[in-house]
Amino acid sequence: MKNNFKNIFKNGLGQLTIPIIAILLLVIFNLIRDPSFFRITIEIDNAGNRVLAGNLISIINAASELAILAMGMTLVTAASGGQDISVGAAAAIAGSAFVKVLKSGGNINGLIVLLAFVVAVIVAMCFGAFNGTLVSIFKIQPMIATLILFTCGRSIAYWINGGATPTVDSSIVKAIGGFIPGCPIPTPVLIVIAMAIIFKLVFHFTSLELFTQSVGINGSAAKLNGINSTWIKLLSFIILGACVAVAGCIGVSRLGLINHETLLIDIEMDTILAVAIGGNSLGGGKFKMAGSIIGAYVIHILTVTLYAMKVPSTDVKAYKAIVIIILVVIGSPVIKKWFAKTAARIKNKKASAPMKGAQ
Amino acid sequence: MKNTKTFRREPLTDSQLLMTIAICIFLVMYVGAMLIFKGGFLRANQIFDILNDNAPLIIVSCGLTIVMIGGGIDISVGAVTSLVVMACALFLNNGGNVYLSMLLAIGIGLGFGLVQGFLISYLDIQPFIVTLAGMFFARGMTTILSVDPQKVNIDPIHNLFETIHRGALVNTSIDPQTFNTSTENLTELVRDGKMTFFEAIKNMNFRTLLEGKIKIDWLGYTAPNGNRIPASMEYGVVIALLCVVVIFLLLKFHKLGRGFYALGGNQTSALMLGINVKRTRFLSYVICGLLSGISGYVFLLHTGAGNATNAVGMEMNAIAASIIGGTLLSGGVGNVVGTFFGVMILNTIKKIVVTSGLNAPWWQSVTTGGMLCFFIILQSVVIFIRSKVRRSRISKK
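Quick mapping for you: the protein sequence lines, in order, are chains A and B.
Under this note's numbering, the residues of the first sequence are numbered 1 to 359, in order.
Under this note's numbering, the residues of the second sequence are numbered 360 to 756, in order.
Just chain B, with the same shape it has in the complex (with noise of 0.2 Å):
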């Protein structure tokens, strides 16, 4: 009798549904891709555009995914993502050692994840108001600190070439031909938003290593020129990568992790399990907080400047990548695996939207919508089934 139990296999929990189900719409949607656009989807180079491209949301989502699960959330992801971006920037720019610049960014991520911790979990303030001043705050910091455009003076001597390289970002709606350099026409285009200042950081040390890329050969492609041109990842992608498996690994097997999902299915509960509940959400909070600057510095390699509107609108992709990956807002359900692949769906369906042709700008962010209505009543339907078949063989017994 117990030994016929013991071979019965444990049914799937919520959130490892939720993932599989997260994980084979990415194969279906990629595959679907694959046959009808061929081109692009067939190289391996397409999947490792999109890891470069969204490293950095890759693991602020994992951070989010950690307080959703314990029942929380956290909206200054993107703001911290962008304060830490311009900090870095500034530092670096004006002299500051490159590893000095990664403690500084951790070190921005761990105070903004302390602070804001402290207040939801041991000052009882709901976080979403204290997530939301979080956000205001990096968000004017990031502004403070960044070169007010229309104060920036612009040598006139300069011709177009050094006045980029010096940091101003001309949109292609400027004419280079008629384009005139002098001070007031310059201070004018910034005025019209035609033109924007960033910090470009001019750090050698750093340089070498936004530069810096992983080269697999095997998996490129031969361009029709002939050339040979190999997939390439940045070391972003493999710093998300980490994040990845250790936040999944912390999830799945330390007590930590496992006090997450006790704390977001039932507060009571984990308490009376011996949870030590506050200190537990404030560490999520902690967590999330650290890898929002790790993703700051991982933006930073990506791009190699700082801007105020850096990630904007960033915490709310990440919010809708968790999402899709299966974790419920609710609490106690979700996987970092599937928040992984809550990204590629995003930014896949993007790709597809582009490859097919629909370029006028609504088209992205509708079908991101629409995708996004599509899986939350899918899951909304998937827990309701099953919470229903549970009650009824809870009846039976």
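So here's chain A without its partners, still in its complex pose (with noise of 0.2 Å):
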């Protein structure tokens, strides 16, 4: 125990040290601005449960999609050496195919909605798998061949429910999007826990990992130890068609509506953010899913943070752009360089005083 705080101490987090300052940071600047600001208190919500509330909720409630999001993200981030920008209008599509299967029956049980669930993934994977093939077999920059999807994607999910935004009025809908009945954690914080535990068991049990960076660090190298880069490609690229029917279920059951227009929107480059400053490179290889995690709570507490500082929701984009400038000016290469050099300049000062001090 004693070793590993050592250990943590001498060589850093690693590649977590930003996303971990950057919360830090954003917590205590929270802290001095507004003690109550973490207050969390139990309330009693419109079904009458005991539910948990308070910013630290809302914030990390809210940042649900964005963290499934990230997590194949990071996936196919490292795979391909490319981000998915198709991930929102793939999540509408999945969003208009659960709401299609939802109101296809009569009323609304436990098995039609495991079933509209099934069907959304499966959709979405599909879409994933075309988006991935573009990519492994093709050879198209990730970018480009998602940006097919990206111009086309949301008019498909127009298309599905024809045009109309249905809404859905059941109690286990309203239960994946809000409070399971008895439980005062959000549902959709207990999906995201079960995600990580679930690739952290794929991670632990193959070695979906290992491949998938030596994919992302040299394609032909890997090729050449036998790994098939084509099928990790395309692999990573499905996954990410799951995560994002599960972000997109999320979203449709939080409002108990689909539209097609504004079901996460912009969030294509959210998920990209959440990734970089999670210290992941963009151009593949190496990866951690956990900073891509952080991440995203990074994103959604400055969001937060700004909202409750009063600032306009339009503006709020400006001041984040400051501050993802900051983030990654530190976390550069170059800064970072200078940074060592005059840490070894400083103890090589230290280091010579005493013993001018002698003479």
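Hint data in this document are derived by calculation from the structure and do not stem from the laboratory.
In this text, all values refer to a predicted model and were calculated from it rather than measured experimentally.
Treat each hint with caution, since some may be false.
[Claimed, not checked] In silico lysine to any residue, SDA-like type, Cα no more than 20 Å apart, as pairs:
hint: 1; chain 1: B; residue 1: 637; chain 2: A; residue 2: 333
hint: 2; chain 1: A; residue 1: 288; chain 2: A; residue 2: 333
hint: 3; chain 1: A; residue 1: 336; chain 2: B; residue 2: 485
hint: 4; chain 1: B; residue 1: 572; chain 2: B; residue 2: 729
hint: 5; chain 1: A; residue 1: 310; chain 2: A; residue 2: 55
hint: 6; chain 1: A; residue 1: 337; chain 2: B; residue 2: 481
hint: 7; chain 1: A; residue 1: 310; chain 2: B; residue 2: 502
hint: 8; chain 1: B; residue 1: 709; chain 2: B; residue 2: 394
hint: 9; chain 1: B; residue 1: 747; chain 2: A; residue 2: 220
hint: 10; chain 1: A; residue 1: 223; chain 2: A; residue 2: 133
hint: 11; chain 1: A; residue 1: 139; chain 2: B; residue 2: 373
hint: 12; chain 1: A; residue 1: 139; chain 2: B; residue 2: 729
hint: 13; chain 1: B; residue 1: 747; chain 2: A; residue 2: 137
hint: 14; chain 1: A; residue 1: 139; chain 2: B; residue 2: 736
hint: 15; chain 1: A; residue 1: 139; chain 2: B; residue 2: 740
hint: 16; chain 1: B; residue 1: 637; chain 2: A; residue 2: 283
hint: 17; chain 1: A; residue 1: 288; chain 2: A; residue 2: 21
hint: 18; chain 1: A; residue 1: 139; chain 2: B; residue 2: 449
hint: 19; chain 1: B; residue 1: 637; chain 2: A; residue 2: 338
hint: 20; chain 1: A; residue 1: 100; chain 2: A; residue 2: 220
hint: 21; chain 1: A; residue 1: 139; chain 2: B; residue 2: 746
hint: 22; chain 1: A; residue 1: 341; chain 2: B; residue 2: 481
hint: 23; chain 1: A; residue 1: 310; chain 2: A; residue 2: 28
hint: 24; chain 1: A; residue 1: 139; chain 2: B; residue 2: 714
hint: 25; chain 1: A; residue 1: 286; chain 2: B; residue 2: 736
hint: 26; chain 1: B; residue 1: 755; chain 2: B; residue 2: 744
hint: 27; chain 1: A; residue 1: 100; chain 2: A; residue 2: 166
hint: 28; chain 1: B; residue 1: 637; chain 2: A; residue 2: 329
[Said to hold, decoys possible] Where chain A lies over chain B, by a calculated footprint (3+ residues, C-beta under 8 Å):
hint: 29; stretch: 477-491
hint: 30; stretch: 494-502
hint: 31; stretch: 670-683
hint: 32; stretch: 729-735
All C-beta atoms in this analysis are idealised placements derived from N, C-alpha and C, irrespective of residue type, glycine included.
Using the hints, build the complex out of the two chains.
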């Protein structure tokens, strides 16, 4: 245990340094600004449940979709060295399929919700496979390949429900987007935890992580070592498809309706940002999924802090951009090298100072 | 022996081949539209309409092509365009000089280019993230600058016409007969999104510039009621075409332009050839920023008003146009003339969709997506076959 701590101090947290520092800075800033910012209370919601409430809970709750998408995006980024910019559009398609199946039957019971979810996952996986095929077999840059779905995805979602924005009124769907009766923690948060555990188990019991990293670092070298790099790339896009479906279903359940134009709008940029803030290289290779998840929460704490400071919602973007630039500048290799050099110089001075004193 | 070698024609480069494909497809598409739909497509006005509407997009796409040839990406271009439109509109409305407003536009664009270029090339940060932040910043600044619709005080005495003249755009969903100009009602309409405010420019010097058009009489047509309608081209189109030509020459003949290709093709080789890699990359972003500034001014020349939702999604359109024109995101391959035709293809497709009666809103984006898919796969196959042929030729030698 002691050794572990020593190692952390000695080597730093590696890739996780920047996101953790960012989250700490934001928390400290908020504590100074308004100590009651992090107060958590237990309140009774409309349905009569005892639920947790407070800024912190709402941050963690609201960042759920982003965190789930960031997990999938990390894999895609690591394997293909590019990003999928169609996640928002694909989530709209998955959400539309989800609602379409829900509305097709009479009354909504657990089985139908499960069926709808499975359909949404399959649909999103198919679109993921489409993107993946373009990237892995046709060797197209991921950003360009997913530009196709980015352009027409929301129109396909529009077409699925015939241009309407149907509402879903069901206690089960409400429970997915809000609270399960008797459980004070928001359900989306539980889903995020479940997804994280699933990924952890998959990485533990299979060699997916190793294979993905080796494909990302050098595809042809991985191929020579017997790894099917085409399949790994395709697989990463299919996994992202599943994540997209989960995020889309949460988004739909939260509001109880599908609006193809506004469901998870602009989330693709935030997702890529979360991956980058997490310290992952956008050029592929090594990755840490924990970093991306923390990155997603950093983005949301930042947004909520700005809201709490009474910044109008339309202006938030400008302030967000400044913080992002500061973060990436601190994390840039040139600045890191400069810091290391300065630290070494100070150390040398300290080392040479007593010698001077001895003379 | 030596003589025969000099007479052998050089094979087409990838850039030239992809550009040729784009131009051919545009011609086939346009001639096909002429034959099938006749009417509007037979008139020169159709081409001029497309050009007038898309002059800003052409300029932005040119800048993006340079960045993409250098192996980078800039997604802030649309947002910078929108910021320039808003800033210039406000500047002109507060009694600014027209020439100074041009300087302002160029200054904003150049500023974004310089900062982003510095961060990307000298601090070695991923271009996607830097320009994403640039996009957020520009969009945020646009909304900060724009008049907050809910706070606008509307004098209840003014009638509907004057309200519109002062810069309120009323959507068609409001019935003008029952329209109530009381302050509460207008505020409510704005809140529901049925009405948006923009900065309509009242500066008279600018308005003359705005309404000035180059009229080409012999290309026009005679309307059914006997009026002669000349083909008209806005000044923005001239600027756009000038940009295309200048950048074409820069990429083709100037040392810097060749440097962009070398940089995008292989960074290490470019370094070994003695190219200042950092400065070349920096300059590619500076030129791109400068062009977004110019594009913003051209946008203002076209619309004559600043609105917070101007040029939304322009960056993706510009990327799509560059790709269709044969620029590869991986760098080293591309041509600005191809990009010009990429913009034309994108918008001709939209015109064709509208003309053929597919008015449902999803058709345009679905056909655009399909078109992109077709081009991307075609390019990938072409590049693959060429590299295979080249490899077999080398192995034969």
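Cross-check of the supplied hints:
1. In summary, the hint linking residue 637/B to residue 333/A is supported, as the alpha carbons are separated by about 15 Å, within the 20 Å threshold.
2. With a CA separation close to 18 Å, the supplied pair residue 288/A and residue 333/A stays within the 20 Å bound.
3. A hinted pair counts as satisfied when its Cα atoms are at most 20 Å apart, and residue 336/A with residue 485/B qualifies at roughly 15 Å.
4. Our distance criterion of 20 Å between C-alpha atoms is broken by residue 572/B and residue 729/B, whose separation comes to about 35 Å.
5. Taking the CA atoms of residue 310/A and residue 55/A, the gap is near 14 Å; set against the 20 Å cutoff, the hint holds.
6. Our distance criterion of 20 Å between C-alpha atoms is met by residue 337/A and residue 481/B, whose separation comes to about 13 Å.
7. A distance of roughly 15 Å separates the Cα atoms of residue 310/A and residue 502/B; the hinted pair therefore holds under the 20 Å criterion.
8. The suggested pairing of residue 709/B with residue 394/B holds, with an alpha-carbon distance near 17 Å, which does not exceed 20 Å.
9. For a cut-off of 20 Å, the pair hint linking residue 747/B to residue 220/A stands: about 17 Å separates their Cα positions.
10. Simply put, residue 223/A and residue 133/A have alpha-carbon atoms about 17 Å apart, close enough for the 20 Å limit, and the pair holds.
11. For the given pair, residue 139/A sits about 16 Å from residue 373/B by alpha-carbon distance, which is consistent with the 20 Å threshold.
12. Distance hint between residue 139/A and residue 729/B is fulfilled; the C-alpha atoms sit about 18 Å from each other, no more than 20 Å.
13. Proposed proximity of residue 747/B and residue 137/A is supported: the alpha carbons are some 15 Å apart, at most 20 Å.
14. A hinted pair counts as satisfied when its Cα atoms are at most 20 Å apart, and residue 139/A with residue 736/B qualifies at roughly 9 Å.
15. For the suggested pair residue 139/A and residue 740/B, the alpha carbons sit about 9 Å apart, so the restraint of at most 20 Å is met.
16. Distance check on the hinted pair: residue 637/B and residue 283/A sit about 18 Å apart at the alpha-carbon level, within 20 Å; holds.
17. With a C-alpha separation of about 16 Å, the suggested pairing of residue 288/A with residue 21/A holds against the 20 Å cut-off.
18. A C-alpha spacing of about 46 Å is found between residue 139/A and residue 449/B, which places the hinted pair above 20 Å, so the restraint is violated.
19. Between residue 637/B and residue 338/A, the direct Cα distance comes to roughly 18 Å. Compliance with the 20 Å bound is thereby established for this hinted pair.
20. Proximity of residue 100/A to residue 220/A is assessed by CA-CA distance (about 43 Å); at most 20 Å being required, the pair is judged violated.
21. Taking the CA atoms of residue 139/A and residue 746/B, the gap is about 13 Å. The hint holds against a cut of 20 Å.
22. For a cut-off of 20 Å, the pair hint linking residue 341/A to residue 481/B stands: about 17 Å separates their Cα positions.
23. Of the supplied pair hints, the one linking residue 310/A and residue 28/A holds, its CA atoms being roughly 19 Å apart against a limit of 20 Å.
24. Between residue 139/A and residue 714/B the CA atoms are separated by roughly 35 Å; this puts the pair beyond 20 Å, and the hint is violated.
25. The straight-line distance between the Cα atoms of residue 286/A and residue 736/B is roughly 29 Å, outside the 20 Å bound, and the hint therefore fails.
26. Between residue 755/B and residue 744/B the CA atoms are separated by roughly 17 Å; this keeps the pair inside 20 Å, and the hint holds.
27. Taking the CA atoms of residue 100/A and residue 166/A, the gap is near 9 Å; set against the 20 Å cutoff, the hint holds.
28. The straight-line distance between the Cα atoms of residue 637/B and residue 329/A is roughly 17 Å, inside the 20 Å bound, and the hint therefore holds.
29. Under a criterion of three residues with beta carbons nearer than 8 Å to beta carbons of chain A, the stated coverage of the stretch 477-491 of chain B is upheld, 10 such residues being counted.
30. With a cut-off of 8 Å between beta carbons, the stretch 494-502 of chain B has 7 residues touching chain A; three or more are needed, and the interface restraint holds.
31. Beta-carbon proximity to chain A at under 8 Å applies to 4 residues in the stretch 670-683 of chain B; the threshold of 3 is reached and the given coverage holds.
32. Judged by the Cβ-Cβ criterion of 8 Å, the stretch 729-735 of chain B is covered by chain A as claimed, because 4 of its residues qualify and three suffice.
Hint compliance for this structure: hints 4, 18, 20, 24, 25 are not met, and every other hint is.
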